[in-house]
Amino acid sequence: MFQPSDDEIHSLVGQMTVAEKVDLLSGRGLWKTGSIERLGIPSVVMTDGAYGVRYSTTQIDAGDSDEDSLQAFLELVDQQADAPGGMFGTTRPATCFPNGNLLGCSWDVDLAYRMGAALAAECQNFGVHLLLGPGINIRRTPLAGRAYEYYSEDPVISGDIAAAVISGLQDNGIGASLKHFACNNSEIERTTTSSDVEERALREIYLAGFERAIEKSPPWTVMSAYNPLNGVQASENHWLLTTVLREEWGYDGLVVSDWHAIKDRGAALVAGTDLDMPESKPRKARLRAALEAGTIPPDVVDAACAKILAFVRKCKMNERRDPIVDLDQHHALSQQIAAESIVLLRNEGRTLPLDPSSPGRLLVVGDGAIMPIIQGSGSATTNPYRVDAPFVQIAERASSNLTLQHLPFSSDDSADVNQSIKTIVQAASKADAIVVFAENEKSRHGEGNDRDTLNLVASHDALIHALAGSGRKIIVVLSMPDTVEMPWLENVDAILASFYAGQGGGEAIARILFGAQNPCGKLSATMPRRMQDIPGWHTYPGENGHHVYSEGHFVGYRFYDIKNIAVTFPFGHGLSYTTFAYEDLVIDSHEIASGVDCGVSVTIRNTGRVAGKEIVQLYVRPLKPALKRPIRELKAFAKVHLEPGAAKTVTLRLVERDFQHFDVARSAWVLDAEAFVIEAAASSRDIRLAATLPCRPEAPVRPVLSPNSPTGLVFAHPEAEAALTGFFADTLSISTAEAMALLAKTKASFLGFYDTLSWYVGDSVSEKDIAELFARLNGEYAKEPLE
Numbered sequence: 011m012f013q014p015s016d017d018e019i020h021s022l023v024g025q026m027t028v029a030e031k032v033d034l035l036s037g038r039g040l041w042k043t044g045s046i047e048r049l050g051i052p053s054v055v056m057t058d059g060a061y062g063v064r065y066s067t068t069q070i071d072a073g074d075s076d077e078d079s080l081q082a083f084l085e086l087v088d089q090q091a092d093a094p095g096g097m098f099g100t101t102r103p104a105t106c107f108p109n110g111n112l113l114g115c116s117w118d119v120d121l122a123y124r125m126g127a128a129l130a131a132e133c134q135n136f137g138v139h140l141l142l143g144p145g146i147n148i149r150r151t152p153l154a155g156r157a158y159e160y161y162s163e164d165p166v167i168s169g170d171i172a173a174a175v176i177s178g179l180q181d182n183g184i185g186a187s188l189k190h191f192a193c194n195n196s197e198i199e200r201t202t203t204s205s206d207v208e209e210r211a212l213r214e215i216y217l218a219g220f221e222r223a224i225e226k227s228p229p230w231t232v233m234s235a236y237n238p239l240n241g242v243q244a245s246e247n248h249w250l251l252t253t254v255l256r257e258e259w260g261y262d263g264l265v266v267s268d269w270h271a272i273k274d275r276g277a278a279l280v281a282g283t284d285l286d287m288p289e290s291k292p293r294k295a296r297l298r299a300a301l302e303a304g305t306i307p308p309d310v311v312d313a314a315c316a317k318i319l320a321f322v323r324k325c326k327m328n329e330r331r332d333p334i335v336d337l338d339q340h341h342a343l344s345q346q347i348a349a350e351s352i353v354l355l356r357n358e359g360r361t362l363p364l365d366p367s368s369p370g371r372l373l374v375v376g377d378g379a380i381m382p383i384i385q386g387s388g389s390a391t392t393n394p395y396r397v398d399a400p401f402v403q404i405a406e407r408a409s410s411n412l413t414l415q416h417l418p419f420s421s422d423d424s425a426d427v428n429q430s431i432k433t434i435v436q437a438a439s440k441a442d443a444i445v446v447f448a449e450n451e452k453s454r455h456g457e458g459n460d461r462d463t464l465n466l467v468a469s470h471d472a473l474i475h476a477l478a479g480s481g482r483k484i485i486v487v488l489s490m491p492d493t494v495e496m497p498w499l500e501n502v503d504a505i506l507a508s509f510y511a512g513q514g515g516g517e518a519i520a521r522i523l524f525g526a527q528n529p530c531g532k533l534s535a536t537m538p539r540r541m542q543d544i545p546g547w548h549t550y551p552g553e554n555g556h557h558v559y560s561e562g563h564f565v566g567y568r569f570y571d572i573k574n575i576a577v578t579f580p581f582g583h584g585l586s587y588t589t590f591a592y593e594d595l596v597i598d599s600h601e602i603a604s605g606v607d608c609g610v611s612v613t614i615r616n617t618g619r620v621a622g623k624e625i626v627q628l629y630v631r632p633l634k635p636a637l638k639r640p641i642r643e644l645k646a647f648a649k650v651h652l653e654p655g656a657a658k659t660v661t662l663r664l665v666e667r668d669f670q671h672f673d674v675a676r677s678a679w680v681l682d683a684e685a686f687v688i689e690a691a692a693s694s695r696d697i698r699l700a701a702t703l704p705c706r707p708e709a710p711v712r713p714v715l716s717p718n719s720p721t722g723l724v725f726a727h728p729e730a731e732a733a734l735t736g737f738f739a740d741t742l743s744i745s746t747a748e749a750m751a752l753l754a755k756t757k758a759s760f761l762g763f764y765d766t767l768s769w770y771v772g773d774s775v776s777e778k779d780i781a782e783l784f785a786r787l788n789g790e791y792a793k794e795p796l797e
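Whatever position you read off the sequence shown (first residue = 1), add 10 for the working numbering.
Check before you lean on any hint, since a few could be wrong.
Here are the computed distance ranges between Cβ atoms for each label pair [claimed, not checked]:
id : residue 1 : residue 2 : range
1  : Ala591    : Thr68     : 51 to 61 Å
2  : Leu49     : Pro333    : 21 to 31 Å
3  : Gln25     : Gly260    : 38 to 48 Å
4  : Glu225    : Val435    : 53 to 63 Å
Derived lysine-lysine pairs resembling DSS-like cross-links, with alpha carbons at most 25 Å apart [claimed, not checked]:
id : residue 1 : residue 2
5  : Lys226    : Lys294
6  : Lys273    : Lys291
7  : Lys649    : Lys573
8  : Lys432    : Lys483
9  : Lys649    : Lys226
10 : Lys226    : Lys273
11 : Lys291    : Lys317
12 : Lys226    : Lys291
13 : Lys317    : Lys294
These are computed hints drawn from the structure, not numbers from a lab. Beta carbons: idealized from backbone N, C-alpha and C, even for Gly.
My request is simple: use the sequences and hints to build the entire structure.
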């Protein structure tokens with residue numbers, strides 16, 4: 011077993027040749043780290059799978075060459091979920107859990123932890139040391155091809171779910187790789203298009219989930235993204251990987267590149283990307299040449315080598331011999347996660363749950379009822395060892411009194427759609443209820459592809475419209491990577507959002523349809539009414555190699571709220587078969603101030619007739635903030651199980667950071683508002699209780715002055731007027747009163763200070779003199795708060 015001490019690690023690095031260091035800093039083949047037999051340094055195995063373990067026997071066991079590994083990698087990324095025959099290649103069967111788009115709707119960190127632990131067991135069984143996940147990029151747009159992998163449009167959910175998955179993996183001996191750092195929010199020209207994001211949006215939205223996850227459960231590795239960030243390749247971005255990740259957040263783990271993401275290996279190494287994956291002979295040759303030429307500081311090289319050895323040590327120390335994996339138990343867990351995550355969007359007239367023992371006819375329509383779409387397409391695709399077909403599970407739960415019928419309906423628009431719809435409508439006339447399985451076009455999503463529409467397959471929309479006029483109860487079950495438009499919304503009775511539910515999704519849907527499971531999932535991303543309402547739509551997907559995140563920090567519900575845009579379903583929305591009352595909101599602090607935390611308690615009561623779970627959402631709403639802020643932001647949540655009539659008091663902790671915004675001028679998190687409203691809510695637009703908490707804001711910092719600063723800014727600096735008065739009195743040989751009168755003339759101007767001053771004094775005072783005076787003020791009082 012490889013268990014060197016820290017001193018021994020440094021000794022090993024000192025014994026390495028340049029060639030050995032290059033081998034260690036680069037992958038071996040597609041899925042392994044380099045080994046150095048001479049020094050007893052083993053390699054470790056990693057593989058894709060944020061929601062399932064993707065183990066390819068040909069790619070991992072056979073030890074592909076560099077050339078073969080690239081071809082295998084491209085085939086892996088380009089695969090589609092509906093590819094005939096060889097979609098999974100030679101990958102081993104494993105549990106395909108619900109994808110990130112559905113797991114995020116669980117709002118359940120305990121389930122996320124259990125999923126991480128199950129993934130760890132399967133990794134141990136396969137001999138995998140590092141699972142490349144979780145992925146927590148913000149679902150900035152529902153068009154993003156990899157939106158199905160990610161949890162939410164909000165960093166609080168993303169960070170907390172990710173931390174739970176990481177803990178589940180690493181507590182059981184398997185490393186996690188938190189990805190993709192950062193702003194990998196579109197698949198269009200994803201390796202070359204720069205995500206141009208202002209720093210405040212970066213800090214408050216796009217980096218916040220990573221920061222939260224790393225603080226709660228530091229992953230063994232962080233994966234840098236494909237895309238440039240503000241013009242600098244993410245894997246070569248020193249500010250991102252060193253200044254923020256390591257120096258500000260204190261992360262001391264390994265940074266690994268996304269596969270073939272590095273353009274300049276030397277720049278990436280200096281910036282903070284330790285491990286280049288996968289193996290690339292050209293990149294290794296360029297790195298060796300740079301090391302031999304001495305263009306990369308030796309201490310940078312040695313530090314990266316030491317991090318890789320420490321990572322390998324951690325992996326080897328946590329290996330388990332003869333690990334036992336109960337795949338049936340994991341399948342049951344997959345079913346449970348799906349059942350507690352699927353969102354009941356609409357339920358008019360209590361259409362659901364259906365009574366399985368009631369006499370009648372139930373018509374189930376759609377190919378998705380027999381061959382469900384359980385996952386998205388790309389490198390994370392998992393070969394499920396079994397799949398629950400929804401219709402089979404529905405049939406198992408229905409009594410003999412309920413007559414079941416299934417009619418196929420393909421998503422292939424080349425079929426005789428009109429005739430199929432007529433046949434289905436005719437059958438529907440004899441049914442009491444119709445369950446329609448609908449989906450979006452499969453080829454328009456997945457890794458490497460962004461969607462270009464929020465529509466369902468056109469034939470599915472046409473079918474639902476036709477059935478809506480049948481006079482029967484219509485229940486729509488949606489499989490989708492992210493939100494879809496629903497032009498038929500008001501004409502159907504119930505809608506279930508199953509997103510990509512994994513291999514146990516069919517059983518989960520059956521449980522919810524018949525009431526064996528009370529739905530308790532809630533949306534982790536807003537569902538807009540139309541594609542044009544998406545935040546940043548007018549600058550998507552960018553041009554000339556740049557994608558400007560024009561909505562800034564107003565992402566998701568923050569944008570819809572501040573613009574007062576009606577949505578199909580709001581962030582946090584989800585119905586239940588029972589009802590919940592919110593009572594007694596209590597805050598244990600009288601004000602928020604620097605360094606002050608507060609506890610918020612709220613009592614939830616099940617006022618219905620069946621047991622259920624409610625997701626309590628805590629939002630913070632600033633009153634009269636210094637800078638423009640979202641109307642409200644999620645800051646904490648909890649999922650509560652309650653029997654009928656039972657009540658439970660939930661206490662959530664809010665820390666100082668939950669009330670702050672990032673001030674770019676100060677380069678710091680700042681507390682600055684008159685007060686904050688604490689809201690306990692069932693969704694972002696269903697606020698149940700609220701209480702106002704006064705705020706003692708931090709004093710604003712002194713402004714940084716230049717000769718061209720507006721006069722209003724100059725006189726906002728408390729030291730400027732006195733300094734200028736003395737300066738003018740000395741320089742112009744005038745009295746203090748005359749100097750004060752001169753300054754008074756400049757105060758009403760909207761021009762820059764020196765341009766205004768020159769109207770009154772000409773060139774008798776130089777711009778250089780004013781610049782030097784302001785420089786002294788800036789230097790003496792820089793970043794000091796105003797009294």
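Hint check results:
1. As the Cβ distance of alanine 591 to threonine 68 is approximately 57 Å, the hint placing it in 51 to 61 Å holds.
2. A beta carbon spacing of about 28 Å between leucine 49 and proline 333 agrees with the range 21 to 31 Å that was offered as a hint.
3. Distance hint check: the CB atoms of glutamine 25 and glycine 260 are about 30 Å apart, inconsistent with the given range 38 to 48 Å.
4. The given range of 53 to 63 Å is respected by glutamate 225 and valine 435, whose C-beta atoms sit roughly 55 Å from each other.
5. The hinted pair formed by lysine 226 and lysine 294 fails the criterion: a straight-line CA distance of about 35 Å is larger than 25 Å.
6. The straight-line distance between the Cα atoms of lysine 273 and lysine 291 is roughly 13 Å, inside the 25 Å bound, and the hint therefore holds.
7. For the hint pairing lysine 649 with lysine 573, the CA-to-CA distance comes to about 29 Å; that exceeds 25 Å, so the pair is violated.
8. With a CA separation close to 17 Å, the supplied pair lysine 432 and lysine 483 stays within the 25 Å bound.
9. The suggested pairing of lysine 649 with lysine 226 holds, with an alpha-carbon distance near 19 Å, which does not exceed 25 Å.
10. Taking the CA atoms of lysine 226 and lysine 273, the gap is about 32 Å. The hint is violated against a cut of 25 Å.
11. Between the alpha carbons of lysine 291 and lysine 317 the distance comes to roughly 22 Å, so the proposed pair stays at or under 25 Å and holds.
12. Taken as a hint, the lysine 226 and lysine 291 pair is broken in the structure, with Cα atoms around 38 Å apart against an allowance of 25 Å.
13. As the CA atoms of lysine 317 and lysine 294 are separated by approximately 18 Å, the hinted pair is consistent with the 25 Å bound.
Comparing the model with each numbered hint stated earlier shows that hints 3, 5, 7, 10 and 12 do not hold.
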